[in-house]
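Student: With the hints as extra help, turn the sequences into a complete structure.
Letter by letter, the chains look like this.
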Amino acid sequence: MADKRINDLFITGDQTYATIDQSVGRLVLDPKAHTTNWFKWLVVGVMGTGLMMFSIAWLLFQGTGIWGNNVPAAWGFDIVNFVWWIGIGHAGTLISAILLLLRQQWRNSINRFSEAMTIFAVMCAGLFPLLHTGRPWNDFWLFPYPNILGMWPQFRSPLLWDVFAVSTYFSVSLVFWFVGLIPDFANLRDRSTNKYGKLAFALLALGWRGSNQHWHRYEQMYYLLAGLSAPLVLSVHSIVSFDFAISIVPGWNVTVFPPYFVAGAVFAGFAMVIIWAIPLRKYYKLEHLITNRHLDWMAKITLATGLIVCYGYFLEVFFQWYSGNPYEFRLLTNTRFSGMYAKFYWALIVCNGIIPQIFWWNKARTNVWSLMIVSIAVSIGMWLERFVIIPMSLTSNYLPSSNKPYYPSFWDFGMFAGTLGFFTMLMILFIRFLPMINIFEVKDLLYKFQGKKEYVEGQLPVEMN
Amino acid sequence: MAHDFSDPIGLYAMVGEFTTPEQLKSVAEEARHAGFKVMDAYSPFPIHGLSEAIGFRDTKVPWTVFIFGLLGVTLGYSMQFYTSVIDYPMNVGGKPMNSIPAFIPVAYECTILFAAFSAAIGMFVYNRLPMPYHPIFNAKNFERASQDRFFLAVEASDPNYDPEAIEKLMKSNGALEVSTCDY
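Protein chains in written order, with the numbering used here: chain F, 633 to 1097; chain Y, -1 to 181.
Everything labelled a hint here was simulated from the structure, so no lab data went into it.
The C-beta atom is built at its ideal place from N, Cα and C for all residues, glycine as well.
Any given hint could be a false lead.
What the hints assert, rightly or not - What the simulated footprint calls covered on chain F by chain Y, stretch by stretch (three residues with Cβ under 8 Å from a Cβ of chain Y suffice, anywhere in the stretch; the number is not a length):
no.	region
1	644 to 653
2	784 to 792
3	833 to 843
4	848 to 854
5	859 to 865
6	1066 to 1079
Tutor: What follows is the structure in structure tokens.
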């Protein structure tokens, strides 16, 4: 242990396979494990979903004119929210795939709910471009299918690459999540005492019996899926960044965009994982499985990706000056550093650049309040980043006629708040009906750590305040 | 290993229940050395080295993924080639009809889509899942195979099936209980 001050373990207390079953399975099998707090949050989520449905209904009735989008800012909140939500999802895949390939076994305790987060975030993200088309009932035109016009999609456009990237990402994440759940469904099938619950889990488990032959092929598949998801997740946000980087709009045409977007996505995603992990482990008494060391390491990843993002901001400023392009330089001085939108740019620098630096201190990485505050600041900062990129560049363009400010409408905020509610509702339902921690992988973790002295004895968890 | 369900009566296997993965690995290895072939082990989580101990080797899933990945990239690229070069050639910004760099992202996503789905579907097909009924579920205490116990089943169809030898072997490796299970 290089770090003496944070001497928490990955699994604390005297845990056995049975106690893991109990502490995780209880949340699904025992309705009493969920208090009225759970119901209150469900109500919040359902109300948010209602707002979302209402915003969508009004949008379909009236058309996209109810949004603030207009020329020159034809991309507004819808694309800002799309990129933000897609980014949130990336931490789940990073945790489940890339950390698995890097043999970071500690990810076993947090991968399940991060993967769930990925799927729900991508669902929220997908809504925005689909509605942004204005006629969502014609969205199947985005896919290549033989039609009476003899036309095909334009495969040289990054917007079409996005269609393929995001739909592949969603379907592969869903498959990864579902196959990860199968052994846990078998566990719940065998432990459930409720007749209907048992039937439901038996159907979902598909007859899984934990045979060595099953596990052998399962592990092969799991690592292959991880190996396929890792380049997938990197490609998805790279392709999202191509939507901007391939154009010639000032502030968009930057080669640093793909890596900077991917790092930003992981940054925002880990912040969201921390935001959910802290209350969940507290209310459901999972501190022995999601320990302070998990939070500490997640905070370290947040800090590291935050620094990459800061490097991206620095390079943007540098190339806006160094390129010698007067429009790029005017964007920097008149739109970002000063002008009516400058407060958003500086708020972005504070949220993403300055506040996360507190994670250099050990105490800040294990204090739930500082973790929470920084994660919320990062989530806001990443949203602002997309705002800075999209409407601010579109309203400071080559032609004087482009200098027209962008104002979001009530329905822009309604859709955004609505998707936050929808996401909350899905997460709240998920923690009630599915095991939020991967049972079999945590058992595997426990088995691997038994016999390793530093993980099981002689160490006390740090005090939390 | 295909199970013959045509005669659903009779003895399926002799099953030993163990408490640790180490016991399971050692008993599987000894059973293999003793000449038993038709057997399988059951555990709540994957145990590394168990396949080697029991003598099970299978590389069908990786090969399937490889082949479907190749299929994905071929289909993904040829779809773009057919639509943009052959069926409806259109000049976009002076780019060549076959714009290789612009066609890579979609071909890449198709590769991953095909490979990932073939991995999951291949795992199900080769494992013969979904399979709602299996005789091993009749084994005593088997509901704990997904919780905290480790089982080894030597099937009655094994050419060397010998109940006394199996029981002795399992007991000597610390089996909590050895029982038989029927179809």
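Student: Evaluate each hint against the coordinates.
Tutor: Verification of the supplied hints:
no.	hint	in the structure
1	644 to 653	holds (count 4)
2	784 to 792	holds (count 7)
3	833 to 843	holds (count 7)
4	848 to 854	holds (count 6)
5	859 to 865	holds (count 4)
6	1066 to 1079	holds (count 5)
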